[in-house]
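Top line first, the protein sequences correspond to chains A and B.
All residue numbers for the first sequence refer to the numbering used here, where the first residue is 484 and numbers rise by one.
All residue numbers for the second sequence refer to the numbering used here, where the first residue is 11 and numbers rise by one.
It is possible that some hints are incorrect.
Rough simulated footprint, nothing fancy, chain A against chain B, three-plus residues with beta-carbon under 8 Å [to be verified]:
#1 20-26
#2 50-62
The following residues of chain A were derived to be distant from chain B, with all beta-carbon distances above 10 Å [stated by the list, open to error]:
#3 601
#4 621
#5 643
In short, the hints are calculated from the structure, not lab data.
Quantities reported herein were computed from a predicted structural model and do not represent experimental measurements.
In this text, a Cβ means the ideal position worked out from N, Cα and C, and glycines have one as well.
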Amino acid sequence: MIVTPKILARLVAIVLLGVLLQLSFFSRVTVFHTSPDVLPALVVSLGLLGGTMTGAVTGFSVGFLLDCLLIAPLGGGSLVLLSTGYLAGLFRERFEIHSQLVAPLLCMVLTLFAELGFGAVQLMLGIDSSVSTLVIRDMLIKSVFAFFLGWPIYLGVKRALRPALVEEPAVRRSRPPTVLGA
Amino acid sequence: MYRKQVRRRRAVLALLVVGSFVLLTVTYGRGSNSVQRGVSTIFSPVQSVANRALKPARDLVNWFDSTFDARGRNGRLHTELEAARKQSVGAQTALAENAQLRKLLALDRGGAIPSGYKPVTGEVIGRSPTVWFSDVTIDVGSGSGVSVNNPVVNGDGLVGTVSAVIGGSATVTLIADGSSAVSAKVVPLGVQGVIRPAVGDPGSLILDFIDSAKHVHRGQAVVTAGWRAQGLSSRFPPNIPIGEVTHASIEEQEAQQQVEVRPFADLRNLELVQVLTGGSR
Numbered sequence: 484m485i486v487t488p489k490i491l492a493r494l495v496a497i498v499l500l501g502v503l504l505q506l507s508f509f510s511r512v513t514v515f516h517t518s519p520d521v522l523p524a525l526v527v528s529l530g531l532l533g534g535t536m537t538g539a540v541t542g543f544s545v546g547f548l549l550d551c552l553l554i555a556p557l558g559g560g561s562l563v564l565l566s567t568g569y570l571a572g573l574f575r576e577r578f579e580i581h582s583q584l585v586a587p588l589l590c591m592v593l594t595l596f597a598e599l600g601f602g603a604v605q606l607m608l609g610i611d612s613s614v615s616t617l618v619i620r621d622m623l624i625k626s627v628f629a630f631f632l633g634w635p636i637y638l639g640v641k642r643a644l645r646p647a648l649v650e651e652p653a654v655r656r657s658r659p660p661t662v663l664g665a
Numbered sequence: 011m012y013r014k015q016v017r018r019r020r021a022v023l024a025l026l027v028v029g030s031f032v033l034l035t036v037t038y039g040r041g042s043n044s045v046q047r048g049v050s051t052i053f054s055p056v057q058s059v060a061n062r063a064l065k066p067a068r069d070l071v072n073w074f075d076s077t078f079d080a081r082g083r084n085g086r087l088h089t090e091l092e093a094a095r096k097q098s099v100g101a102q103t104a105l106a107e108n109a110q111l112r113k114l115l116a117l118d119r120g121g122a123i124p125s126g127y128k129p130v131t132g133e134v135i136g137r138s139p140t141v142w143f144s145d146v147t148i149d150v151g152s153g154s155g156v157s158v159n160n161p162v163v164n165g166d167g168l169v170g171t172v173s174a175v176i177g178g179s180a181t182v183t184l185i186a187d188g189s190s191a192v193s194a195k196v197v198p199l200g201v202q203g204v205i206r207p208a209v210g211d212p213g214s215l216i217l218d219f220i221d222s223a224k225h226v227h228r229g230q231a232v233v234t235a236g237w238r239a240q241g242l243s244s245r246f247p248p249n250i251p252i253g254e255v256t257h258a259s260i261e262e263q264e265a266q267q268q269v270e271v272r273p274f275a276d277l278r279n280l281e282l283v284q285v286l287t288g289g290s291r
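With the rest of the complex left out, here is chain B (with noise of 0.2 Å):
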């Protein structure tokens, strides 16, 4: 008995299998057929139906996961977002950085700075407090040769002097500063005079004790004098641009022998700065 009904199952199991194998033997690659269409007939209406009714169900499951999703996918755009605007942000200092350094080299090849002094570039490490931004701390000392009384410019022009010097550091005073005093002339009129800070405002100088005679119009530049007489020599070699006239009234030049400058060197905002060492002084 209990044989007869194992014989019968594997009867069924392998008659199952078979028809399996024959049915996918026989409908492989002839698309539908007649018994697929029919049983497709009968349950089209009851599939709508069912379609219908578990709509909201559906709905409410994919809004769940919808909602996971969005939260995962959320965290995960912050995350590129923050690594983009960090990618963002190197990419901006490098360009800033690239900006100045490319001012520089035009500096130097521009024929500014002249033959005999060995530039040595730096990158500002500390400001001075005061709101009158007169000195800064620059990353390159002793060590790279700079040394007291160097002069000190940027892409745009003249910044300043180095006033103390250690290994690896050096303090640079800006002609801004109220020690500054810097030999300079008019291009291209040649009229000579004193660069000093306008007191009151960092952000313009004077150029003091010009020869009232020829007069200075603005928009002319400015560069250094480096004058050189009976053994003396100035700190700052000549035509290293300083600033450009932004007044000069026939009155003011008379009177008191002085025009306003802007300094063409952003001396709040420095970064990258070349020391002139070396040069014939």
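Only chain A is shown next, with the shape it has when bound in the complex (with noise of 0.2 Å):
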């Protein structure tokens, strides 16, 4: 990923907007009892399209504005999300899969990772709570949430960051090429 000041700010739009939406929206919906979390699945298809750098420094950002928001201890939620932003970039460097099934299925198993994490954070801090089933439940929800918000997720980043891809094919001609002498 080519980051241009342009790009850059589009960047800050996209987790500004990302974690707007999760506070407004999909943290007060509830689908089985579970409210979305699309918010690794945000970082994942950051780190998907720009590689460790960009997934590491978005999940950090956008877990530190998360902590802020949320008047949390600092670090807690950037540590978890910068590890997922990592690790999908890690993916894309590492791997050659060219699969439509990438985006969402990685967005579904660091979804689960990243909520894992911020229970290893919450019991970290000492939140004196035994781990019940509901809340294996609920990781296990969220992250089938994040299968299918992860495929529209992916193509709106991919959309919004598009003149920044290096791997984006070249615009299809409209016209077919004229060929000397035919």
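With the hints as a guide, bring the two chains together.
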């Protein structure tokens, strides 16, 4: 990904929009008694499109902003989401798998990873609670949501960052090339 | 060039990780800090607008979720209701059965069943389909010691006599049957007569052939007479409650020598009965 000031502005806008949507919409709707968490999927999409650095930095930013707005101890969300973004970027850099299922599957797996990470941070911070089956059910359903929401999020982010993407194929020509002498 | 790039990436990553841990260490347990307050102040108006703008979409999603949830809950509650209803019916049946058994026990302990008789408890498993309800089938038979002409009672009083027996069941002819006749007496007067069914009224009996010199009054109880004379005896032991006098006009008693009696036992709704086997007949 070629990060120009314009692309940087878009990245900031994507991060802000994602956090706002999460707090104002996704966190306040319940489907099967669970609220979807789209932020890991967003970070995964950014990591898949931009690589480890983009994933890690945007993950850190999203986590930082989230912690600020939720008045939670700073750093917890950042640590989890930067790891998530980094892993997504690492996948892009290490594996040459080009399938439409990569984005949703990775969103699902890494959302589960992120939710486990959030739980681990909470336990690390001394929240004294037992891990009930409800928490595990919540995590699993969130990761299933991420599978279904991952693809549109990935496509949306890809569209927004299209000018910066190196591997984006050239725009299809509207007219066939003129062959001289034909 | 590539190595330099890798080193820079690693450095940034390490910086971010270390930064996260530093932030955690610094801010943990100290409540909100100035950074959080500042960010919240900036974002509050935007969040407020987003909140209002997204409310219809939120409500829509939540409505779908609530509807699906309500449907699931409805089904679950229906199942629970069905189970509870079954339990309730079972409990009511058990209560009714318990009440009948208590009555039978009370009849037994109250001395109404004379010594020498061995009560065998049975359940009504079949009824006569006619309007007269003149006989019922019970689930005890000769295998339990039941034999023809054994008196049959329930917790309220006399029910009838056994008219046919096979191994595991017996037919009981009720005292409301047209062929039934039970020698009875009115207590405490001791006026004797014969209990017969009232023609055309299966819920009522007639105490016939009474002594017209002694006047029977409404509300007085009628019990089995249980006579014994010259080697012959009644099928029924004495003093088993039959019913109470419901209509006893002096004119009827003097002209027809009869009074109307309502049986204590509800002959239309018999569930548990006792066959008085053995005895001194």
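A quick look at each hint next to the structure:
1. 20-26: holds (count 3)
2. 50-62: holds (count 6)
3. 601: 13 Å, holds
4. 621: 15 Å, holds
5. 643: Nearest chain B Cβ is 18 Å from residue 643(A), so the label holds.
Every hint, counting from the list given before, is met by this structure.
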